[in-house]
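Heads up: the protein sequence lines correspond to chains L, B and D, in order.
Residue 132 is where the first sequence starts when you use this note's numbering, and the numbers rise one by one after that.
Residue 1458 is where the second sequence starts when you use this note's numbering, and the numbers rise one by one after that.
Residue 38 is where the third sequence starts when you use this note's numbering, and the numbers rise one by one after that.
Simulated from the structure, these hints should not be mistaken for laboratory data.
Hints are supplied without guarantee of correctness; some may be wrong.
[To be verified] Derived list of chain D stretches under chain L, where covered just means 3 residues or more per stretch with a C-beta under 8 Å from a C-beta of chain L:
(1) 41-54
(2) 58-72
(3) 120-131
(4) 142-154
(5) 177-185
(6) 192-203
If you're wondering where the values come from, they're calculated on a predicted model, not measured in any experiment.
Don't be surprised by glycine CBs; every beta carbon is placed ideally from N, CA and C.
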Amino acid sequence: MEKDQEKVFVNDPNKTYGLMEIVEGTSPMAEKAPEDTIESFPHYIILLTICSLAVTFVLFIISLFLDAPLEELANPLVTPNPGKAPWYFTGIQELIHYTDKPVIPGIIIPLLIIIWLFLIPYIDRKPKTRFTSLFNRIFIGGEKRRILIVLFTSFVLGALIFTLIGSLFRGENWNFILPWR
Amino acid sequence: MIGEKSISRRRLMGYAWIGAALIVIGELIVGTFAFLWPRKKQGKGEKIFIAGKINDFKVGEVIHFRKEKTFIQRLEGGFLAFSAICPHLACIVNWNEMLKKFECPCHGATFNRNGEVLEGPPPRPLDLYKLQIVEEKLVVDTATLIERKNFDPSQIVKT
Amino acid sequence: MKKGILQRILESAVWRSIFRTGIPDTDLKRSMLMYNNFFLHIFPVKMKRHGLRFCYTFCLGGISFLLFIILCVTGILLMFLYTPSIERAYFDMQALALIFNGKILRNLHRWAAHGMVVTVFLHMVRVFYTRSYRPPREFNWVIGIWLLILTLALSYTGYLLPWDQLAYWGITVGTTIMSYTPFLGKHIQYFVLGADEVGHEALLRFYVLHCAVIPFVALVLMAIHFWRVRKDGGISGPL
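This is chain L alone, in the form it adopts within the complex (with noise of 0.2 Å):
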């Protein structure tokens, strides 16, 4: 290892090398302990290679034995039941149940998410005037965010409840049913 150190600089063949000058100054790395880099080339781009076969080889796996579905030809005159969204929507479906406003759960709820979660990066930052020390206590929770934690973590377990609930525990007429009976 150590040996392998001294050498990290390899002379190229094709070129001269000379001592051109000896500069006074501090260098960029000044005040920086030595990065534990290694070179991509190998070490990165195997593991990027495995990475990527290991996915696209589960992938074909699971298109060998799972079936797409494809359902019956489309019929403007009978809706099927029950009559579900693709699943990452069955959330929402699941909201719209419950309110006689669909713009609530359909349209307001994942706007102002969208909206929060882009203003994210703009509202956790270090507080420099009153106005966003006020703003940062309200909806980050000083250093350690922990209001923000909390608010992130109900989203995701929030999307991922109401998901579970709209695509594996709703039968027909959207009636609550247990998906093992």
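Starting from the known structure of chain L, fit chains B and D onto it as the hints suggest.
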């Protein structure tokens, strides 16, 4: 000097360029949307259908006209023609003969035999179609949708 | 000493014109290999050792991109066998099952799409919990959210294309929700569907969005996303 404040010629030209660029970009965006705006469709022709003779219907019976997306019900005093399209999110409702109510498969709404919401999310009762009785025959106009707040006996078309 | 055929190829003018760096047997050449290759040059020449740990990123961004590539390849192949018209779309789907590898192609496309929704979402969750959106990476987070939205939009527009019951009613319900938007609702629905109800115009619109518009926008945003990852200090550690 005309005003107190004056702007340099360079700055004026700069503003002019920015304004011109904004106009061009705006035109492009509006033009794209106008290009993609759907053409008005011509009317689909007949939206009127004859459901049958009065005497074909029994009192209390609900009949589904699938192709026309219509339910026709005979009540004591007359007829009601419901649109089968759920006023919530446009799914097709079904008539449950056992429980005597309409059911929507998408979000679990149910309606009673007058089309009023029993449970579930719809914002209003089932819409009605304009119904006329001409020479003992029921004529339904599916182009004329009647939205309503709740059921009222005056909505029944008398025989 | 006689040269082997492999060595002859490696030293030929044609090979050297394509791959400028020879066999990467020195550190310099390893760096040059990363640097001179179009596909590899988005990666840094050297990486922090801990950045390679699986648990550091869970490979979610990379897997998302890999799935996107798979989706592009299978999607383009499927386009050869699909007609965006309500008379033919469904029967093209049925015919696909009879074609050699047709079914597996469709399965790959479908499951990769579902997988991409999952991995992109999980990628966002991972970035949140490692707090990797802090300055100077704020804007990259914003682009990431756009990519999540575009991923959902791609999935949703692709959902209509088979023209089966699932597709038809999914789109009917979805666009009716749009019509509840205050003030503009009916116009938005009319514009998205291209008509008053789900029909041929809607299918064509969703087809073009799914196959051309959204993938193109997503690709541009992805390019910016990856570029920003490098410019904002790499995948690991503060600037």
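Verification of the hints:
1. With 0 residues bearing a CB less than 8 Å from a CB of chain L, the region 41-54 of chain D misses the requirement of three and the coverage assertion fails.
2. Check on the region 58-72 of chain D: 8 of its residues sit with their Cβ under 8 Å from a Cβ of chain L, so the three-residue criterion for coverage holds.
3. Counting residues of the region 120-131 of chain D whose beta carbon lies closer than 8 Å to any beta carbon of chain L gives 4, which reaches the threshold of three, so the coverage claim holds.
4. Only residues whose beta carbon comes within less than 8 Å of a beta carbon in chain L count, and the region 142-154 of chain D has 10; three or more means the coverage holds.
5. Closer than 8 Å: that is the beta-carbon criterion, and the region 177-185 of chain D has 3 residues meeting it against chain L, so the requirement of 3 holds.
6. Here's how the region 192-203 of chain D fares: 8 of its residues keep a CB closer than 8 Å to some CB of chain L, so the rule of at least three is met and the hint holds.
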